[in-house]
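Novice: Listed below, chain by chain, are the residues.
Number of protein chains: 2
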Amino acid sequence: MARTGRPRNFDRDEAVAKAMHLFWQYGYEGTSLEQLRHAMGDISSASFYAAFGSKEALYRETLVEYLRTHGKVVTALRDEHLPPRDRLEQALRRSAAMQTASAHPTGCMVALSATICSEGGASAQAVTAAERKANREAIAACVKAGVEEGILRPDTDVAGLAALYEGLLVGLSIQARDGVAGKSIDAAITQAMKAWDASCKATS
Amino acid sequence: MARTGRPRNFDRDEAVAKAMHLFWQYGYEGTSLEQLRHAMGDISSASFYAAFGSKEALYRETLVEYLRTHGKVVTALRDEHLPPRDRLEQALRRSAAMQTASAHPTGCMVALSATICSEGGASAQAVTAAERKANREAIAACVKAGVEEGILRPDTDVAGLAALYEGLLVGLSIQARDGVAGKSIDAAITQAMKAWDASCKATS
DNA sequence: CGACTTCTGGATTGATTATTTCAGAAGTCC
DNA sequence: GGACTTCTGAAATAATCAATCCAGAAGTCG
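So the protein lines, in turn, are chains X and Y. Just so we're on the same page, this note's numbering is the position in the first sequence counted from 1, plus 1169. Just so we're on the same page, this note's numbering is the position in the second sequence counted from 1, plus 1169.
Simulated from the structure, these hints should not be mistaken for laboratory data. Hints are not guaranteed to be accurate.
One copy or two, it doesn't matter: identical chains are merged, so the pair holds either way.
Calculated cross-link-like contacts (lysine-lysine; reagent style DSSO-like; alpha-carbon spacing at most 30 Å) [stated by the list, open to error]:
id	residue 1	residue 2
1	K1224	K1241
2	K1241	K1313
3	K1313	K1363
4	K1352	K1187
5	K1241	K1187
6	K1224	K1302
7	K1313	K1302
Whenever a hint applies, use it, and build me the whole structure from the sequences.
Specialist: If you want it as structure tokens, here you go:
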């Protein structure tokens, strides 16, 4: 892109990745510009604002980067090639594995980094809330598909099952942040899938 | 009980209650002293520090107050008069009802108000983390009791079931904060209890 | 009344917050 | 080489943060 002018002396993508880890760990408001600039290689304020515009703009950028990389574990929810039950189970299991890995902060950035904040942080809050809403709807769509495809009984409590799996999905994040082992969370998912199976049509 | 000296001209208990609502809504770090002092009836900085010592000390006090009032919904977990299954179910249902009520902030103060924060907020973070750990252990004890009392099969995955119910309990908070209806969460609990039932001994 | 204790109003502290300004450095393009 | 563009280093901005200080007000107690 920028072909002319003085080139910046830091790697922008690397800087975004570093910032992502900080926002993921400490949240949007819990991360300071000093922290960010230091992690990006002690760049100056001028460099920061020239490259990213503002703290919130950078936050949004890191969120996009998160969704593109670590956050993609939930794309299984929309994978039409999979049967509905597998969509839910895979999204949950992959989330659990990712969120308890040690190479990065635990828990999910969407669930944790801007859920609670001061009155001023409302606009950052809205971005993650929208993301969670989209997941909630995708989960509901999986359950609904289970009924429509004749896998679940017609009298299945669609909203109840959906809320269960979404509750577990967001709950994962706090558990992971609290240090609960990935193995335990994975076992919880196995148990949660029994609720689905309880609504299955009898397999003659 | 301060018997002598000039009496303070605001109600300390009322002030703590007001502060609790703010911390509950905006989190420990998301709530400013100006906000707190204003909500407490525009008291001065001097009055604030004379009465509460520091922001963190007040936060801890509001947390105790929360546990004594709204937070007591989870005491069912330790109620030995109830069968283990009911302990879990009641704690979950009461939490869902409380956390989606409109008279106060949604979600749980223990789960939300200090889960994520800056490096400096670690000590406040630790208080709520300890509380969540205690709940996690109480939930595990319920499941274990189910096995020991012969209600659940001996081969029951205790850790898995426990992680499921704890995941749902903390997940509730984010769902409630996202505006998910209490009715939906309650239905999710109904579905979650099917995992318990799936591990029950056959009732001949 | 007078000694004592506690709280309040108001100003102020110093640290930290995100952001801006500007002159000069370091490139590209013609 | 000179015009042009973009980025950097350093300093400064105003706002907000939690917390402190002090003189005086408002009580209790003997």
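Novice: Under a CA distance limit of 30 Å, which applies to K1313 and K1302: within one copy, between copies, both, or neither?
Specialist: within (16 Å within a copy, 35 Å between copies)
Novice: My question is about K1241 and K1313: at a cut-off of 30 Å on alpha-carbon distance, are they close within one copy, between copies, both, or neither?
Specialist: Answer is within; shortest intra-copy Cα gap is 22 Å, inter-copy 36 Å.
Novice: At most 30 Å between alpha carbons: which applies to K1241 and K1187, within, between, both or neither?
Specialist: within (18 Å within a copy, 41 Å between copies)
Novice: From the Cα coordinates, with 30 Å as the cut-off, is the pair K1313 and K1363 best called within, between, both, or neither?
Specialist: Answer is both; intra-copy 17 Å and inter-copy 19 Å each pass.
Novice: When Cα atoms must be at most 30 Å apart, do K1224 and K1241 count as within-copy, between-copy, both, or neither?
Specialist: within (24 Å within a copy, 39 Å between copies)
Novice: Within, between, both or neither: how does the pair K1352, K1187 come out at a Cα-Cα threshold of 30 Å?
Specialist: within (28 Å within a copy, 41 Å between copies)
Novice: First find the shortest C-alpha distance between K1224 and K1302 inside one copy, then the shortest across copies, and answer within, between, both or neither for a cut-off of 30 Å.
Specialist: Answer is within: at 24 Å inside a copy they meet the 30 Å cutoff, but 34 Å across does not.
The structure agrees with every numbered hint stated previously.
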